[in-house]
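**Student:** Chain residues, written in single-letter form:
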Amino acid sequence: MAKGKSNEAYFVKADNIALKTPDGVRLFDSLSFVLPPGGLLLITGPNGSGKSSLLRSILGVNSWVKGNVSNSIHPKHIAVIPQLQNMEFHLPLTLREVIEISENRNVSTESIVEYGLLSQDLLDRSWNTASGGERQRTLLTCALLKNPKLLVMDEPFNHLDHFSQKNMLERIDKYLREKGSEGAVILISHLGIDELARFGEKVVRIELRSGEK
Amino acid sequence: MFALLQIYAVAVGAGVIMAPTLSLLGAQLAARDKAMQTLCVGQGATLGVLLGLGTLKILDAPDLAIHLGPFVTAVLCSIGTYLFSDRITKKHQSSKNTFFTAIFATLLGSGYLVCAIFPPLENHMTQVFFGDLATLSNWESVLAMVIGIVSMMILTLWWRSISYESFRLAVFGGSHKKGKSRVSVGFEILAILLLSFSVQFLGFLFTISALFLPTVLAKLSANRHLKQHLISIALLSSVASAVGFVLSLQYSRLPTVPMILLVMVGLGILTLGVEKIIRAKT
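Residue numbers (my numbering), protein chains in the order written: chain P, 1 to 213; chain U, 1 to 282.
Please keep in mind that the hints were generated in silico from the structure rather than gathered at the bench.
Just so you know, not all the hints are guaranteed correct.
[To be verified] Simulated crosslink set (EDC-like; lysine to aspartate or glutamate; CA at most 16 Å straight-line):
| # | chain 1 | residue 1 | chain 2 | residue 2 |
| --- | --- | --- | --- | --- |
| 1 | U | Lys219 | P | Glu88 |
| 2 | U | Lys227 | P | Asp23 |
| 3 | P | Lys174 | P | Asp161 |
| 4 | P | Lys76 | P | Glu182 |
| 5 | P | Lys202 | P | Asp161 |
| 6 | U | Lys96 | U | Asp86 |
| 7 | P | Lys166 | P | Asp124 |
| 8 | U | Lys91 | P | Glu88 |
| 9 | P | Lys202 | P | Glu155 |
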């Protein structure tokens with residue numbers, strides 16, 4: 001965990017950053033924020049406002065952002081659940097196998113089920129025929145098994161039913177409470193005030209607007 | 001028949017080992033939606049082999065150079081084709097298969113042109129394209145077996161990491177991490193080298209068929225498990241390779257590689273039929 005100029009610990013820090021895409025669209029200017037330990041950084045905004053680009057800049061994947069943005073966590077302690085682009089996978093695999101190839105080892109049923117996201121009877125379901133909620137809960141289980149310090153999720157609630165969304169939010173809340181100052185979450189989503197209420201003061205909310213040339 | 005088998009035992013062994021190795025590689029390439037691109041890279045390797053052979057034969061190079069040189073040119077042409085096709089389709093993802101088809105046709109035409117320019121290659125185009133396991137020399141067969149075993153060990157020992165990389169690329173469409181992982185780079189290097197070697201010694205048709213036919217046939221079954229899929233494609237391809245080869249020895253008019261292909265399809269359909277009957281009864 002790093003400390004800023006004021007000796008305050010942070011997980012992610014952005015200081016007066018601006019983002020312009022390679023084809024010249026200015027997505028945002030003069031953006032500053034700090035994600036403190038135990039906090040939840042919620043990035044929200046319309047399509048094309050630069051949410052995923054900002055996230056990639058925070059993770060150091062692209063350098064489109066001008067200004068100072070950094071995270072203080074070693075990449076091996078960061079678990080990322082990117083946005084799903086394609087639902088189907090050519091090779092057959094069950095939800096359990098998704099977890100096992102993610103972990104690169106056999107994983108016991110108890111270790112998977114204890115996160116409260118997947119029940120035992122779901123583990124043998126095929127990834128290709130699983131629902132959106134089952135897939136996202138599987139991916140969140142994969143991320144949590146890595147015991148990350150920083151949990152990053154890009155639009156995990158898209159097309160999810162109410163039960164799956166509630167289940168995942170409860171789990172994220174539990175992760176933050178268990179981790180305390182040793183963990184934090186970055187989330188790209190359109191969560192409303194009701195859904196955010198459970199996180200209380202931990203939320204750092206950034207709302208991006210549409211870009212302009 | 002037995003006498004023929006004794007003569008071709010090593011070549012049969014080469015086919016039995018290379019086929020499942022290629023099928024395991026092909027399953028991962030298919031999962032990454034790289035089948036069309038692999039077709040192009042394979043054709044690039046074919047062109048490389050022809051260029052290498054043509055140049056070295058005209059220069060009257062020694063035997064070792066004539067075997068090693070085309071492999072080097074095949075690898076270089078494969079890498080060039082891979083990088084070019086990757087770059088040109090980066091901004092045209094929705095029509096990438098059309099681009100790959102165009103690149104494949106261009107490379108195929110170029111291959112025929114090279115054959116016309118280099119007289120010593122006149123009879124070689126068919127050989128390189130269709131290949132023939134039966135014409136592998138003993139040392140070529142042994143080399144194929146060694147390379148096949150080493151590659152299969154890599155694909156088997158790291159099957160989870162490689163599969164997860166395929167899953168990540170297919171389902172998330174990229175990475176939220178900077179640069180490529182070691183698994184990704186290692187897999188791509190293995191794919192290029194294995195593809196180039198296989199095209200040169202076993203032929204383009206055997207290579208492409210062994211890469212993708214088994215995984216396509218196995219995909220039609222009701223199996224949900226990854227491990228089972230990988231084991232079944234390895235078994236299907238190695239059995240088909242052995243049976244097809246033996247049948248082509250028994251009936252000398254039948255060409256080896258197409259026979260293997262036919263047996264692979266036949267065995268695959270038979271397996272699906274049996275599976276359907278068992279499911280209907282249970």
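**Student:** Against this structure, judge whether each hint is valid.
**Tutor:** So, going through the hints one by one against the coordinates:
1. U:Lys219 with P:Glu88: holds (13 Å)
2. U:Lys227 with P:Asp23: Not satisfied, since the Cα-Cα distance of roughly 44 Å exceeds 16 Å.
3. P:Lys174 with P:Asp161: violated (20 Å)
4. P:Lys76 with P:Glu182: holds (15 Å)
5. P:Lys202 with P:Asp161: violated (25 Å)
6. U:Lys96 with U:Asp86: holds (9 Å)
7. P:Lys166 with P:Asp124: violated (23 Å)
8. U:Lys91 with P:Glu88: Roughly 22 Å separates the two Cα atoms, so the pair is violated.
9. P:Lys202 with P:Glu155: violated (19 Å)
Of the numbered hints listed earlier, those contradicted by the structure are 2, 3, 5, 7, 8 and 9.
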